[in-house]
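Engineer: So the protein lines, in turn, are chains L and A. If you read the first sequence in our numbering, its first letter stands for residue 1, the second for the next number, and so on. If you read the second sequence in our numbering, its first letter stands for residue 1001, the second for the next number, and so on.
I should point out that these hints are in silico values taken from the structure, not numbers from a laboratory. Keep in mind that the hints are not guaranteed to be accurate.
Said to hold, decoys possible - No more than 30 Å apart at the CA atoms, straight line, and that leaves these computed lysine-lysine pairs for DSBU-like:
1) A/K1285 - L/K70
2) L/K92 - A/K1446
3) L/K92 - A/K1041
4) A/K1285 - L/K72
5) A/K1543 - A/K1041
6) L/K138 - A/K1285
7) A/K1543 - A/K1437
8) L/K92 - A/K1543
9) A/K1448 - L/K138
10) A/K1062 - L/K138
11) L/K92 - A/K1709
12) L/K138 - A/K1446
13) L/K19 - A/K1709
Stated by the list, open to error - Take a look, some chain A residues computed to stay more than 12 Å from chain L by CB distance:
14) V1155
15) E1353
16) Y1365
17) I1372
As the list claims (entries may be wrong) - If you want the footprint, here are the derived chain A segments under chain L, 3+ residues with CB under 8 Å:
18) 1200-1207
19) 1383-1389
The structure presented is a predicted model; accordingly, all values stated were derived computationally and were not measured. We put the beta carbon where it would ideally sit given N, CA and C, even for glycine.
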Amino acid sequence: MLIVKDLVKTYPNGTQALKGVNFQVDDGEFLAVIGLSGSGKSTLLRCINRLIEPTSGTILWNDIDITAAKGKEIRMIRRQIGMVFQQFNLVKRSSVYNNVMSGRLGYVPTFPSLLQSFSREDRERAANNLAMVGLEDKAHVRADSLSGGQQQRVGIARALMQEPKIILADEPVASLDPVLAHSILKYLEQLNKERGITVLCSLHFLDLVHRYATRAIALKDGLVVFEGLPSEIDDAQFKEIYGQDAERIEIS
Amino acid sequence: MRSLKRSMGKMLNESKLAEMRCEERELMTSNSQYIPEQKKKRVIAPILSLVIPGSGQMVLKKTWRGVTVFIVTLILSFLVQWGFSNFAIGEIAVGGLKTSWLWIPLALFWLWNVLDAYLLSIQKTAPPLLAFIFAAVVLYTIAWVVTDVNLDRLVTRFDAAKTVMTKVVNPDYIQVYKDGKFEVCGWNCIGDYLDAKIKGESVPHLRVSENVGDIFGRQGTVTATWWDKLFRGIRVGVRIPGFETGKLIETIAIGLMATIFSTILAIPVSFLAAHNIMSHVPGGKVVYYIVRTLLNVVRAVDTVVWGLLIIVWVGLGSFAGVIALTIHSIAALAKLYSEEIEHIDPGPVEAIEATGGNFLQVIRYAVIPQIIPSFLSYTLLRWDINMRSATVIGFVAGGGIGFFVLETIRIGGYQQYAAALWAVAVVIILVDMISSKWRNKILEDKPKAPDKTTWSRIRTWIYIILGLAVFTYCWNITGINPKNLFNPGVTFGRLLKDFVSLDLSQSVLAGVTKQMITTVMQALLATTLGALVAIPFSFLAAKNLTGKSKFSAWIYHITRSIFNILRSIEALLYVAIFVYWVGIGPFAGMLALAITTFALIGKLFSEAIENIDTGPIEAVNATGANKLQMIMYAVVPQIVPPFLSYLIYQWDINIRMATIIGFAGGGGIGLTLNSYFGSLQYHKAGTVVAMIVIVVALLDFTSAKIREKFV
Ligand SMILES: Nc1ncnc2c1ncn2[C@@H]1O[C@H](COP(=O)(O)OP(=O)(O)OP(=O)(O)O)[C@@H](O)[C@H]1O
Ligand SMILES: [Mg+2]
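Using the sequences and the hints, build the whole thing.
Structural biologist: Here it is, written out as structure tokens:
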């Protein structure tokens, strides 16, 4: 169980991105995080694996205080939390295989890893994860020669190398065509259902939330303004989250 | 182009802001307190500027403008006073009182500044062009005198120019036996020889001249190395028959070794100078600032000046040359590398951090793969630059072709000198071609299919073995001896001691200042002259203008070749020609600088013209404009920003070059430096080096600022 309490993040330039966020996530949930651009979704997700230092508040994960962790402890926590990015964040010039392999870095001794030497177990793990996202034949091509959807699948395979208990996905489909969006989210759904990985995923489109999420929270100006089932987001809620001028649109 | 659009966007924004401010003002006029405030400024600002130039502008919140005006006034006043008391520049007698007429343009500049302050207070500005003209009159008049420009000498001594040019185009490669002795066989002589040969007449006896052996190498004796010991069982140090490398080969080796060493050393340094890396390390910020400063200081001192310091350390020879090039090159490369590191995509870094990777793993997996292509291409670029430096480092360090050139000039052997020049030109043109071809290929950075065939493995091994062989060979012929590093020359200790206690006495400072101003003025005149001449030629060398018909394609190729040949020779090597023509001194040095400026600027400008976007031309043509209007509205706006930025770039280069032009008799600070070093007056030499560092760093800073503002 992940418990976020009174989480505040003020950036050095004074922007208050999070103003006291409270919620919790049970193991095995698929939690959608919604909200307008600038409402603090990315900041929230990055605080959970400490890519961003929270200003105050606590994040408890199965009795571990993530916010209190230091140095090596942070890395020990991070390696159990996979992350998937909007811009995929692959090393474009490296091979797909090396990108996937880099997901294992938190587990392997430093020196051999600097020489790109990995155990047979890890190499098999990489092969399996690539097969899982259907890219086994692309292992040795450069990451930038793949299409956007394929690159995001590499991103998922990289996260899987960590054997994560949680996956944080920051708008994983915002850079992709709607059709590809479903294919990516289906992988996340599959991991959530079959392997019981908790998923925290920020999304822009409500119908994707309805289709994939088991629960949703909505952020507005750094505060949680809604928490509940996706089906509970009615028109009034919608206007509350997105403002009076917003219109609901559907994507196929 | 993109920066142009951005700056236009900015301008639009600014004009909108100004509009908004105007509206605001109108609104505020109803506010009774506002009017006196505004009126007060209208009176106070010009008065302030009259007393202290620029202060009015500062009061009106135009800090940058104010500071510039203030500093320019200060510098101009100093120069006028200095020029008058040292050279009586612009001397006129006013009622028995001797003064300089240059105070007039300065006064006009001052008045312009007052006007500017007034106009700023009513939301207008004075035309900057006027200020430029007043400042230029002062600067160029002084530059003209201190660099000893004597146009008449160009004409009266034209015979000398003809003599030296004849010698330069008839290099000493082949000699003919005539009247009991050998003499140089130039083009005419070779033509006659071939003619006679074809006709079957009797031909004179020809031979390859000694000079060729000196430059390229000859069969002779060499000292045995561990190599010979390993394969032939000969004791190291014994003289054995072998190929004596010529000065040109030595030069190539110096450039290559310096590039290899500096690349290896610059990589770790560049990480220390990268902001995004060091801010992740405890205490990294301090290291970052120290390393950055150090790099700037080291870079400000030209390779040749480094050579002077290094020979005191390890003695004369190619090894000193390698070290001097390496030091300068580390600083230059580390700066470029670190900027490249700072501009990597932060996404992968974040991703690797998110997987729990540690600092080293992040560098290995997220940083290094991203920087490889740009690092390689900078290394290749630096190889090109190092090869050029290697041709002149011999002027002080005693290794490579520069040393040979110095010797030939000393004995007046202009045809031997010419032979060296042409050989250098060929090598540098080749290096330039290879380097730019590789660079383009690397920067394209096309994904390659993984190549794991046996043949490709064999090929890799062949490359590795060849590379090692070349490396060892170069190591030997440049006489690299790390032991010498720990066994410094007798005066090295004194040099270090003297460099921390500089001679700052009045007389030394006055002398050094004088030479430094001469140096800067040389660079100013050379840049102006070179660029002015280059502009018309650059249009001829632009493919989109002249590459069309067969005849104009010839013009294109000829101008391009002239640029390339002239560009391949360093200014320092040209000085001898101009010394012969107009005599030793700053004028000769300035002309040599102008030649290289002409060549490089011509090339860069022509490329800028080739790169213009045809879209705007079509658009303007479509409005029914005539040719002149088309050029004014569609071409000129596109080429002015790159032209300006290349001019600034060239100015930076010329300042550095001007500091060493004196080593070959071209006047300026190099001469002073050389003589202080020669007479072991290290206190004073240190003062000169410090002066060079300060002035070059300041001018670098200024041009960087100007580039930011205008380009
Ligand atoms: N590094 C930073 N420094 C300062 N302010 C920041 C920084 N990163 C984000 N912000 C600000 O914090 C607020 C929340 O940003 P955040 O990126 O978390 O929003 P988001 O909901 O993810 O938006 P989007 O949908 O655009 O990605 C915004 O106002 C943003 O401008
Ligand atoms: Mg975001």
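Engineer: If a hint holds in the structure, say so; if it does not, say that too.
Structural biologist: A quick look at each hint next to the structure:
1. A/K1285 - L/K70: Satisfied, since the Cα-Cα distance of roughly 21 Å is no more than 30 Å.
2. L/K92 - A/K1446: holds (11 Å)
3. L/K92 - A/K1041: Cα-Cα ~57 Å, so violated.
4. A/K1285 - L/K72: Distance ~22 Å between A/K1285 and L/K72 Cα, so the pair holds.
5. A/K1543 - A/K1041: violated (55 Å)
6. L/K138 - A/K1285: Answer violated: L/K138 to A/K1285 is near 41 Å, above 30 Å.
7. A/K1543 - A/K1437: Holds. A/K1543 to A/K1437 sits at ~19 Å (cutoff 30 Å).
8. L/K92 - A/K1543: Between L/K92 and A/K1543 the Cα gap is close to 35 Å, so the pair fails against 30 Å, i.e. violated.
9. A/K1448 - L/K138: holds (13 Å)
10. A/K1062 - L/K138: Answer violated: A/K1062 to L/K138 is near 58 Å, above 30 Å.
11. L/K92 - A/K1709: violated (34 Å)
12. L/K138 - A/K1446: Holds, because 17 Å separates the two Cα atoms, which is no more than 30 Å.
13. L/K19 - A/K1709: Roughly 39 Å between the alpha carbons, so the hint for L/K19 and A/K1709 is violated.
14. V1155: For A/V1155, whose nearest Cβ neighbour in chain L is about 59 Å away, the distance exceeds 12 Å, so it holds.
15. E1353: violated (6 Å)
16. Y1365: About 5 Å separates A/Y1365 from the closest Cβ of chain L, which leaves it inside 12 Å; violated.
17. I1372: Violated, because the least Cβ-Cβ distance between A/I1372 and chain L comes to about 7 Å, which does not exceed 12 Å.
18. 1200-1207: violated (count 0)
19. 1383-1389: violated (count 0)
Hint check: violations occur at hints 3, 5, 6, 8, 10, 11, 13, 15, 16, 17, 18 and 19; the rest are consistent with the structure.
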